[in-house]
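Colleague: Going down the list, the protein sequences come from chains L and D.
Residue numbers for the first sequence follow the working numbering, beginning at 1 and rising by one.
Residue numbers for the second sequence follow the working numbering, beginning at 1 and rising by one.
It should be emphasised that the hints constitute simulated quantities derived from the structure, not laboratory data.
Misleading hints may appear alongside valid ones.
Unchecked claim - Here chain D is said to cover these stretches of chain L; the calculated rule only asks that three of the stretch's residues, wherever they fall, bring their Cβ under 8 Å from a Cβ of chain D:
| hint | stretch |
| --- | --- |
| 1 | 112-126 |
| 2 | 142-150 |
| 3 | 226-239 |
| 4 | 281-295 |
| 5 | 380-393 |
| 6 | 488-496 |
| 7 | 518-531 |
None of the values given here were measured: they were computed from a predicted structure.
For each residue, glycine too, the CB sits at the ideal point set by N, CA and C.
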Amino acid sequence: MAAVTKSGLDKNNKYDRQLRLWGDHGQSALESSRVCLINATATGTEILKNLILPGIGSFTIVDDKKVEGDDVGNNFFLLRDSIGTPRGKIACELLSELNEDVVGDFVEESTSNLIENNPSFFTSFSIVIATNMDEKNLLKLGELLYKYNVPLLVCRCYGFIGYIRLVLKEHTVIESHPDNTLEDLRLDRPIPAFQQFCDSLDLCTMTKKDHSHTPWLVIVYKYLQQWKNTHNGAAPINYKEKTQLKELIKTGILRNEEGVPDQEENFDEAVKHVNTALAPTKVPSEILKLFDDPECLNLTPQSKAFWIMIRAVKQFVETDGQGALPLRGTIPDMTADSERYIKLQNIYRHQANQDCQSVSNSVQRLVEEQCQNPENISEKDIHTFCRNSAFLRVIRCRSLEEEYNPQTANTPLLGQHLEDEEESDIIFYVLLRAVDKFYEKFNHYPGFYTQQLESDVQELKVCLSKLIQEWSLPPVSKDDYVQEMCRYGASELHTIAAFIGGIAAQEAIKIMTGQFLPIDNTYIYNAMKQTSITVEL
Amino acid sequence: MKNSLSPNLYNNVSNCKVLVVGAGGIGCELLKNLVLTGFSDIQVIDLDTIDVSNLNRQFLFRKEHVGKSKSQVAKESALKFNPNVNIVAYHDSVMNPDYGADFFKQFKLVMNALDNRAARNHVNRMCLAADVPLVESGTAGYLGQVTVIKKGLTECYECRPKAAQKTFPGCTIRNTPSEPIHCVVWAKHLFNQLFGEEDPDQDVSPDTEDPELTAAAGESALEKETEGKEIERKSTRVWAMDTGYDAEKIFSKLFRDDIKYLLTMETLWKKRRPPEPLDYNNLSDESPSSTNDMRDQRIWSMKECADVFSKCLAKLKTDLAAQGDGGMLVWDKDDDKALDFVVSAANVRANIFGISQKSRFDIKSMAGNIIPAIATTNAIIAGLIVMEALKILDNKFDKCTAVYLNRKPNFRKKLLDAGRLDPPNPKCYVCSAKPEVTVVLNTQKITIKFLEDKILKSELGMVAPDVEIDNGLGTIIISSEEGETEQNNDKFLSKFNIINGSRLKCDDFLQNYNLNITIAHVEKLEDEKEFMVVGDMAELQAKLDENSKKKEGESSGATPGNTSSKGRIGSVNYHSNLYTKQILVIF
């Protein structure tokens with residue numbers, strides 16, 4: 001990442017507040033991303049705004065419409081004077097003003113034409129974001145992008161309802177930023193250097209000062225050995241035994257002349273950490289699943305770096321690692337003198353580097369075997385991969401085709417939501433689908449013409465029943481919702497667009513940076529109740 | 001638009017006057033949303049100017065606007081998009097007395113887009129005083145929240161105890177730091193001592209009144225000092241100026257002589273690792289961090305710290321001189337010199353005390369109370385604010401919600417947690433009919449000035465209080481009029497016969513807020529606290545009991561419970577104590 005932007009501003013300053021969330025490497029990934037937006041609707045421009053501000057590489061708007069009065073009313077990036085001019089062009093100009101370091105472009109052509117005549121146009125993007133598309137073209141686009149594994153984010157604002165669907169064949173996440181993680185300390189299978197270090201220390205003979213500054217990790221280790229010696233070499237496993245170990249540790253606290261235990265913070269810490277520090281070292285089940293994934297087992301010259309690296313980690317676990325993942329190499333803060341704390345730090349770091357080197361050697365071999373360019377995977381990548389090896393994730397979303405085909409649709413889930421939960425927002429997904437059926441039939445949205453409101457309500461009910469029938473679900477009576485849906489008349493409210501613009505952009509950033517877990521796969525927002533759900537459809 | 005909003009609501013929206021407090025991250029988004037939802041009479045107030053680090057999310061601002069008024073530029077940018085809207089911008093603090101209850105009364109609705117608790121408290125009180133509904137909001141990284149406050153119907157902003165803003169005991173900072181943050185705070189104090197506004201609470205030299213020292217130990221240290229060489233007692237600033245801000249002399253005093261002096265206070269080091277003085281001309285060149293070439297992320301070696309320290313001293317000296325006599329510098333996290341100064345000084349001190357050192361990147365966020373901020377979260381929250389505003393204008397308070405935005409869908413697959421608004425807390429010391437609190441303190445050690453600044457203003461959120469003793473005589477001890485009671489400032493409360501059980505009637509005219517305080521006298525509070533605010537004596541007792549219980553809990557290895565979802569943002573956003581444990585003050 002260049003230190004200075006095109007606009008002459010220091011990047012670290014301009015992006016300071018977000019670098020704290022996704023780091024420099026996340027920022028560089030963002031800066032090399034190319035985003036395609038289909039339709040410069042209010043929702044579309046809001047999403048782009050939220051991507052241009054943090055600094056994506058470039059964006060391209062595909063839109064064949066001209067600016068209309070309605071657009072100006074709900075879209076911040078279109079002007080009254082621009083009514084009648086190409087919508088994509090105006091939006092592109094105004095959005096480009098937000099960040100000089102982002103390159104903007106537009107194509108004045110219909111999406112259906114592009115899919116038909118120039119499908120490769122879409123496959124060069126890092127992500128395609130589609131807003132307010134009709135069902136027919138959406139399914140075509142979905143099929144095309146799924147084939148080439150280009151992520152597609154479908155977004156829609158309809159009255160007080162927001163909808164987002166992520167479609168992608170495979171997305172790999174190295175840094176999933178899990179919430180609560182246990183430290184990787186390996187007290188059950190101590191690092192040899194750590195063992196040696198602990199053995200070199202004698203709590204009984206050291207000075208009082210040294211005693212109260214011995215890192216808790218050492219204390220727990222030492223008393224754990226003592227425990228094991230009296231329990232046939234086994235570590236405490238249940239609550240009762242762990243409590244006994246805690247009591248044993250407490251007996252080690254120095255006492256004053258009157259026999260009252262001193263205040264020794266490091267011992268307090270040791271007692272506090274017994275529960276978590278004794279968690280056995282094992283490869284998480286999610287990671288074991290990845291080891292058995294066909295992509296991992298059958299590498300090809302086209303295999304992504306992620307799969308090469310996971311194969312290398314698998315090999316490590318089976319050989320040098322003796323059943324364990326590469327060591328993370330960090331230890332928590334603790335009460336200790338600097339000298340011994342730094343020694344401990346170095347022991348863990350050194351072992352982690354060694355593990356990483358072993359993985360790196362495997363990567364090198366695998367890359368050679370598959371005739372890939374060795375420069376595709378840097379030492380730094382491998383280091384990050386190893387450090388996060390317990391948290392790797394792979395997301396595979398169902399395709400739109402699977403969702404829309406009644407034979408493969410997730411009808412059990414739909415049925416369960418519609419029946420069990422009276423108030424589930426899933427009803428709005430069903431209604432949106434019914435609205436699309438309506439549109440296909442009448443070529444306008446229900447309630448769009450106020451004078452037809454009553455008949456539209458009836459027709460929408462018919463569409464709803466048909467849909468429910470296709471899914472072979474018991475009939476639902478949601479007349480008030482149907483009424484509400486028709487009242488919206490397909491209007492796109494700005495404040496809903498602003499909300500969905502925030503959520504969708506956040507998902508897009510997750511995809512582009514390869515950090516954090518994106519939704520899988522549908523998100524529905526009900527603005528009247530301020531509730532939302534995520535479901536896999 | 002008209003389709004989805006009822007005609008009545010649409011009418012309300014286009015005819016009402018609303019106030020937006022804050023034109024930052026949320027404020028920019030909110031202004032845009034309001035304009036495009038049909039609001040046409042909007043006022044916006046913000047005292048801030050635009051900084052480069054705002055540009056990644058505050059989309060109404062551009063590079064060329066850096067340094068200009070946020071509210072003014074936001075107004076101009078928004079008008080470009082819709083010139084038919086009436087927007088009034090104030091480049092001012094909302095806490096300025098010009099904006100009294102009458103100012104607030106002209107609005108149908110107030111929306112907060114603020115970043116600090118003091119202003120939130122104040123706007124809360126103003127809206128209660130003017131009986132105007134308030135939409136309150138906040139974001140921190142991926143987290144956010146929106147809630148509605150309506151006098152008499154819902155909780156007010158201050159109905160619920162909030163995590164206290166963390167402060168550190170002076171002697172921890174000056175004598176016995178044990179965490180990186182202590183060194184960072186010390187380094188910021190040092191900056192102010194050398195270049196900024198002098199504050200006796202920010203002394204950086206060893207503290208001989210450390211309660212841990214027996215009287216004798218402190219005195220003997222003092223004696224040793226006077227014995228050795230005649231040290232003239234003068235302020236750090238004057239001393240540094242006299243040396244011409246000589247880097248070696250300042251470094252040697254702070255990081256060698258002062259540390260040696262601390263070592264003479266032997267009781268402090270009986271159970272602690274004693275600090276190790278450093279010699280300016282003999283510093284290690286070894287960097288503790290692994291190979292990372294980025295200056296911001298790397299841990300600097302002592303040698304490098306000293307070099308940076310010296311260079312910054314020289315530059316800051318020039319800056320200070322440029323201000324002329326009586327000038328001073330204000331520490332700013334976005335000023336490289338000021339930040340580098342703190343990074344180097346904090347790391348040298350950390351090294352001396354055997355505390356883990358931190359990178360420039362980390363120290364920036366510790367010293368600057370930086371909360372990560374991104375466009376997406378602000379967009380989401382501003383969208384939610386307008387939805388709540390619409391319900392208020394539709395007179396549907398029963399439909400209003402308190403919404404929390406999670407970092408990712410929770411275990412029930414919800415990204416948003418929407419909850420009903422709770423009714424007012426009948427014991428709230430702000431919005432109840434007769435606000436009351438008890439303040440626990442030592443009447444012989446607390447001055448009138450301290451009562452005004454630290455208790456009434458900082459802790460209890462008043463702006464310009466008048467205080468009279470409820471003794472039948474109406475003795476006024478603090479007046480908001482200038483020049484009336486300044487002579488009381490340095491006197492202790494006991495001088496005015498304020499004793500255990502005394503009652504004080506406090507009145508903030510601007511906030512239209514009356515509070516009765518009962519004083520509970522104690523000799524000493526735990527954790528070196530100078531005072532404690534509690535709801536009433538019964539709660540005080542409960543709190544003391546709870547404390548003693550908590551102690552037992554800790555020793556048996558119990559882990560602290562999770563904070564409730566309602567307290568969540570409170571702990572990260574409003575108080576930004578990302579690096580410290582939170583302490584709840586119970587009202």
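Colleague: Are the hints correct? Go through all of them and say.
Modeller: Consistency of the hints with the structure:
1. 112-126: That given contact is violated, which follows from only 0 residues of the stretch 112-126 of chain L lying within Cβ reach (below 8 Å) of chain D.
2. 142-150: n = 0 at 8 Å, threshold three: violated.
3. 226-239: violated (count 0)
4. 281-295: violated (count 0)
5. 380-393: With 0 residues close enough to chain D, the hint is violated.
6. 488-496: holds (count 7)
7. 518-531: holds (count 8)
Going down the numbered hints, you'll see the structure goes against 1, 2, 3, 4, 5, while the others check out.
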